[in-house]
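Next come the chains, spelled out residue by residue.
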Amino acid sequence: MNALVRWLRKTALLFRRRDFDQDLQEEMAFHREQTAKEFEAAGTTPEAARYAAMRQFGNATLLQERSREVVQFRVETVVQDLRFALRQLRRSPGLALTAILVLALGIGASTAIFAFVDAVLIRPLPYAGPNRLVDVDESEAVFPRSNLSRADYEDWKRLNTTLKSLEVYGGTGFLLRAGSLSEPVPAARVSDGFFRTLGVTPILGRDFRPGEDKPGQPKIAMLSYGTWMTRFGGRREVIGETISLSGEAYTIVAVLPRGFSFAPRASAELWVPLLDKNGCETRRSCHNLDGVGRLRDGVTVRTASADLKAIAAQLALAYPGSNQGQSASVVPLTELFVGKLRPTLLMLLAGAGLLLLIAGVNVASLLLVRAESRRRETAVRSALGATPARLVRLFTTEGLLLAGLGCAAGMLSAVFMISLLTRIVPKPMAQGMPILDALGLNLHTVLFAAAAALLAAVLLSATPALRLAFRDVHPGLSDGGRGTASRFWRRLGANLVVVELTVAVVLLAGAGLLAKSFYLLLHVETGFDTTHLATVYVMAPDNVYSKPEQKIALYHQILEKVSAMPGVQSAAVTSDLPLNCNCDTDWIRIPGKPFHGEHNEVLQRDVSPQYMAVLKAKLLRGRMFTEADDANHPQVTILNESMEKKYFPGEDALGKMIGDGDLSPKSMRQVIGIIEDVREGAPEDQPWPAEYFSIYHSLDPYFAVAVRTGQDENAMLPGLVKTLRGINPNLGVYGESSMIAQLSSSQSALLHRFSTWLVGGFAGLALVLGVVGLYGVVAYSVSQRTREIGVRMALGAQRSSIHGLILKEAGWLTAAGIIAGLACSVAAAHLMRTLLYGVHAWDFTTLAAVATVLGAAALLASLIPARRASSINPVEALSAE
Amino acid sequence: MTVDILSIERLWLSAMAAKPELMPGTLDMLILKTLTRAPLHGYGIAQSIKRVSDSVLTVEEGSLYPALQRLLLQGWVKAEWKKTETNRRARYYTLTAAGRKQLGIEVSDFQKMIAAIGRVLEDAQEAA
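One line per chain: the protein sequences are A and B, in this order. Take the first sequence: its letters are residues 1 to 881, numbered as in this note's numbering. Take the second sequence: its letters are residues 1 to 128, numbered as in this note's numbering.
Simulated from the structure, these hints should not be mistaken for laboratory data. Remember, predicted model here, so these are calculated numbers, not experimental data. We treat Cβ as the ideally placed atom computed from N, Cα and C, and that holds for glycine.
When the alpha-carbon atoms are kept at most 30 Å apart in a straight line, the in silico DSS-like pairs for lysine-lysine are as follows:
1. A:K10 - B:K33
2. B:K50 - B:K82
3. A:K37 - B:K83
4. B:K101 - A:K10
5. A:K309 - A:K277
6. A:K516 - A:K618
7. A:K616 - A:K516
8. A:K561 - A:K618
9. B:K83 - B:K101
10. A:K656 - A:K645
11. A:K616 - A:K656
12. B:K78 - B:K101
13. A:K340 - A:K157
14. A:K561 - A:K616
15. B:K33 - B:K78
16. A:K10 - B:K83
17. B:K33 - A:K37
18. A:K37 - B:K50
19. A:K37 - B:K82
20. A:K427 - A:K340
21. B:K82 - A:K10
22. A:K164 - A:K214
23. A:K277 - A:K547
24. A:K10 - B:K78
25. A:K37 - B:K78
Quick look at which bits of chain A chain B covers, simulated, 3 or more residues with Cβ under 8 Å:
26. 2-10
27. 29-40
Here are some, though not all, of the chain A residues that point toward chain B, as calculated from beta-carbon distances under 10 Å:
28. G58
29. N59
30. A60
31. L63
32. S67
33. E69
Chain A extracted, bound-state conformation (with noise of 0.2 Å):
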């Protein structure tokens, strides 16, 4: 009740403040007055009493703030205190207008990088219960995750207790007709409850029913929302209609939400339920599924990989041709979507952060030097009376309203950046967010940027305030700065640039091993010329060359039609590209050598005569095919030099024989030469034992040509796609791509790119923020040391001594910095020497050029006021003061 009263009173004073300190300045003008009189009844001259009343009052200005204090609110002096600072800032517009630029790019690019970190590894899956979800594969030595096979998906759904349930999902894809063309359409079989298990349900339509995936049942077909708006203009009545699917007839039952994305089918537009058993589903050898499931209540990860483990493990009783080695691997979701992705984005995060902290230390210390150029007005004000406290409390206000400001210039930045990023985000990245566009401000987003103000506005107001709790205010009366104060200051802004200058050497190290790490990626030794090589995939609708006969013509006609073409020197047919992945492998036994139903792994390559020649592969020893190793004749193998290592220890493979587990008559063939490694996983993959054999054996409908060019292979491509479909329309053709496009598209190679660009703007951020710090401190330590400098010239010391005095001192503080820095980058290179390829952590090249780059870049900075300070003219310098 009572503060009530007293808090409406005090709102009423509030909009009387005019009368009210009009009030108290006549009543105690009066007060003075009588005391003067007092004064002047005991005897004192009318002067002299006036004097004395007042020294007996004090400081009016103070006595009137203290009354006014007790009707104020407690926000008014912020008030004042703001409006303050604002004038601060109004009166050097520079450095306000610098610490704000370099405040919001720190803010600005840290937030950036943290909304993707935010939209990729802290944000859920857009799932229902995403943390429920688990991935669900098999797991053998070599792969430790690795495609599942129908059989043992079956008997695993039926066999485990932990999953509330458990599907699949694989790729395919289809020629969907499209005018007179047939256009190849990535698209997805996944099993009856796929979409019930992520809890996702079609916007039109209906979802598939039990049983549906079951072989035999009619063929049907959901549209991801894309494609439906693109080749279907979002019609609503294309539920029911009929979609004639590679030759086959498709009913479209529903279509899935826009938000909708599936990371591992990310590119998929149709989604069809498994259906009939192809032919590698008929194996229980042969992986080609992956699974998806939902755990139990209760149940933990580690228990459901535990139960489908000793599952694998019985299958492998059951069947040891086929399940003997394979176990079970199950990891969360969020793992198989995000996992490749974490260090990189951490690794970022921190680089962002770094820069944020660079920024932060150069604005404090260009705070310093104008609160040291202010101390004059600091022991003014407190010999007026502000308190300690009040002072301390003004410079935190000028603090936060920096970082406040800082902070909404760095939110606009960010969003700018953030747009920026989404451009040049690679797609491996892309497709671990749920949705781009969404990607920018919210409240993740917004929290950290404040965070990050708060943090920026602690240090800001913390390095003036220490200063002024660590000197004595009253020699900043009697100015002159020569004595200890500004040693005091000239200690902590060098222990700042320092640290500016260690973590721009950090920086610089990242962003020079990754770049190196980038050279080396792209520059791998392939074993084959990379350069004028252009490659398109062909599907073969087995509808219309259903007989080997009319593959084999199929082969031809391309070769023939292809090698035709102008600027073309050769071409062949292949199942696979190289550098393209370390699958489609096959299990080998070698006659005469010990074998236990061990997997032998080897990569297995169909490939036509022409095949190496055109890859400009190296045969070491042995022949290459010729049209003659067709299906009329036995099957022969070229080995790569990997394999023979591995298979054939100290002897010469040509001429031995090759079978598979069962060493079956049929899979028996003989080594007719051995080529060195061409790369066929990716570029930063081992190489691994590859075979290769005769296309004419396997008749593959899905291939890929590659064509040897003697001109520029990018405009070949579209002549390319022209032949091709001019062979047959019903042909899909798709994927045209230059060799060289294909090697820097490589998911590391993009991911490299990525951050070698972003760390790289960073580093360079932070060499010029670093450097213009250690400008500074030099040019302000020079500006202090005018007279000392004189005394030392009048006292004979030569220009250049003085030159090198100066020089000495910023060569101290680079050297502190870049010791530090090279320290502290080796350590934090070894933290992410799991992004880097082919480089150490310790890389000598990378961290002594960054060294010398810094190096460099201090010795300029310093060398202007070197010369400054060897040009002081000392008559001059010492009549200054």
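With the hints as your guide, set chain B onto chain A.
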């Protein structure tokens, strides 16, 4: 004007020393008591306390005016501008009914405390 002879620490000290010459809270009570006789202006209150206490208690302006603002806020005194005998404008403070009640409470609290302190002192003397 030069200010550098003033050490800042001294200023702070003197500013602090000006405050609690009286026991905390007693100033408010003394002001209220002084106003029971007649409405007075600030100077008058200071003079009255000084005179009545035989110059033992001097009320510094630095504490008097903030104290008056406090009392006004609490509603224990009222202020109005009037003419003095010498025909000068001055702000006169008048005790309100609430102020009178408050004075009663404070006086009885204070006496209780004085009595308590007295007992402690006597006890201490006996022990010595």
